[in-house]
Amino acid sequence: MTVSFTYLDELDAIALPDGFVWRPIRRHFGIKAFGVNAYTSRAGDMIVEEHTEGQLGHEEIYLVLRGRVKFTIDGNDHELGQGQLVFVRDPSLKRAGVALTDDAAVLAIGGKPGEAFEISAWETWFAAAPLAEAKRWDEVIALYNEALGEKPDHPVLLYNLACMEALAGRPDDALTHLERAIELQPEFAETAAKDTDFDSIRDDPRFAG
Amino acid sequence: MSEGYEILTLDEVETAEHRGSNLIPVRYTLNFRPAGVNAWIADTGGQLIPPHEEDSGNEELYVVVRGRASFVVDDETKDAPAGTLIFVEPGHNRTATAEEDGTIVFVVGATVGEAFDGGGWDTFAVAYTLQRAGDMDGCRAVMDKAMAAQPDSWALPYNLGCLEALAGNTDEAITALGRALELNDEDIHHYLREDTELDNIRDDPRFQELCKGATGTGSGLSRDGAA
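Chains A and B, in that order, are what the protein sequence lines are.
Be aware that the first sequence starts at 5, since it is given in my numbering, and climbs by one per residue.
Be aware that the second sequence starts at 422, since it is given in my numbering, and climbs by one per residue.
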């Protein structure tokens, strides 16, 4: 379908461990040209997780669609309501948002200037998080494989898949994908050495290698 | 507040008139670069989104932020209260009307597989609104800033030429059109010949000289350059 309608409250509601609910707009519509999502939360809970865009280099807009939200950008607090937005131009700035009302909803739009949009690996991480929490490993791994079908050599997706496979007790698959992730991005060797997700395979001689 | 971020209240931004609708020029105001982002505002019965097909190839997402809109996409009419999301791929005719006062629709658009090139039509909407209000200094400042950011765009000096012609500034119009011609002497021919916005200067011999200098016979390009 090339024209589709939906409503904010009809989008999937994926509750993430930090207390906010991810409303995947881009995934819902299959948008490929830009990154767009919504977040909802209850009063007092986080609605935009504290993070920077330093690694991705994204410029981001957070638009309040409903309710009130307290944003903390670069250490400064701003209370915004419906129809107000904050544009974070500098990817290195720390940003976070807390819902002040139970109906709060934020639309987030982001991308890297001068580059065609690419689907970020964190989307798969977010989508898989509640399934991983419930140890529904087949579904978690299916989500990663779906994302890797589009981008088979994405080091972050491969690394995260290896984490999930290690947690799922599938050491052979975990080692294969970790090895490939490190081939593509050698810094992952150091990350993996400290990552508790790999505790189940840490004693495997192939892991040390 | 630091330089690295900015807060914007949509209904406090000065609107620009664009094809019968009131544009809140978000992208222009913020200089957001990854995608086209804008908003439209109207009272009950007013046109929110000018009818168009997005022949630039953009995917577009419309989000009703406040109030209530009635969307028509191809032949389908849809009631769209606040919180409605509408995704439209290129080639579909779409328009929207406000069903409540102060209705705001936010739009995000870009082309799959292409880096967003910084807009154009929304900058023109701001500049034309200033020209119509008689503020040529403000209008030139908008166009100068855009030309500094996109020095290779022929559409920018071309449109500045049109704005100067509409304002009755023949010398300035000729200078700007000359710049456009230096950047693109093929596609501009059609526009020089047909554009009614240049009627004020059409009889000037310098304009006729410019027309001779344009070698092309037609155009596949939009005068918006890139939307």
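Don't read these hints as lab results, they were simulated from the structure.
Positions of the beta carbon are idealized from the N, C-alpha and C atoms, including for glycine.
Keep in mind that a hint or two might mislead.
[To be verified] Below, a sample of chain A positions facing chain B; criterion: calculated Cβ distance under 8 Å:
#1 10
#2 20
#3 23
#4 82
#5 89
#6 115
#7 139
#8 143
[Stated by the list, open to error] Computed spacing ranges between beta-carbons, pair by pair:
#9 A:20 to B:600: 27 to 37 Å
#10 A:96 to B:499: 35 to 45 Å
#11 B:502 to A:81: 29 to 39 Å
#12 B:496 to A:22: 57 to 67 Å
#13 A:96 to B:533: 23 to 33 Å
#14 A:199 to B:600: 51 to 61 Å
#15 B:633 to A:8: 22 to 32 Å
To see whether the hints hold, each was checked on the structure:
Annotation: interface hint on residue 10 (chain A) holds; nearest CB of chain B at approximately 5 Å, less than 8 Å. Checking residue 20 (chain A) against chain B: minimum C-beta separation of about 20 Å lies over 8 Å; hint violated. Of the supplied interface hints, the one on residue 23 (chain A) is violated, with its beta-carbon coming no nearer than about 22 Å to a beta-carbon of chain B, more than 8 Å. The criterion of a C-beta within 8 Å of any C-beta in chain B is met by residue 82 (chain A), whose closest approach is roughly 6 Å, and the hint holds.
Against a cut-off of 8 Å between C-beta atoms, the interface hint on residue 89 (chain A) holds, since the closest Cβ of chain B lies about 5 Å away. With its C-beta approaching chain B no nearer than about 3 Å, residue 115 (chain A) sits inside the 8 Å limit, and its interface hint holds. At about 32 Å, the closest approach between the beta carbon of residue 139 (chain A) and any beta carbon in chain B exceeds 8 Å, and the interface hint on this residue is violated. This hint is violated: residue 143 (chain A) has a C-beta 26 Å from the nearest C-beta of chain B, more than the 8 Å allowed.
Between residue 20 (chain A) and residue 600 (chain B) the Cβ separation comes to about 52 Å, which falls outside the hinted range of 27 to 37 Å. For the hinted restraint 35 to 45 Å between residue 96 (chain A) and residue 499 (chain B), the CB-CB distance of approximately 41 Å keeps it satisfied. A hinted range of 29 to 39 Å for the beta carbons of residue 502 (chain B) and residue 81 (chain A) is consistent with their spacing of about 31 Å. Taking the beta carbon of each, residue 496 (chain B) and residue 22 (chain A) are about 44 Å apart, not inside 57 to 67 Å as hinted.
In this structure the hint that residue 96 (chain A) and residue 533 (chain B) lie 23 to 33 Å apart at CB holds, the actual value being about 28 Å. The supplied range of 51 to 61 Å is met by residue 199 (chain A) and residue 600 (chain B), whose beta-carbon atoms lie about 57 Å from each other. As the Cβ distance of residue 633 (chain B) to residue 8 (chain A) is approximately 51 Å, the hint placing it in 22 to 32 Å is violated.
Violated hints, in rising order: 2, 3, 7, 8, 9, 12, 15; the structure is consistent with all others.
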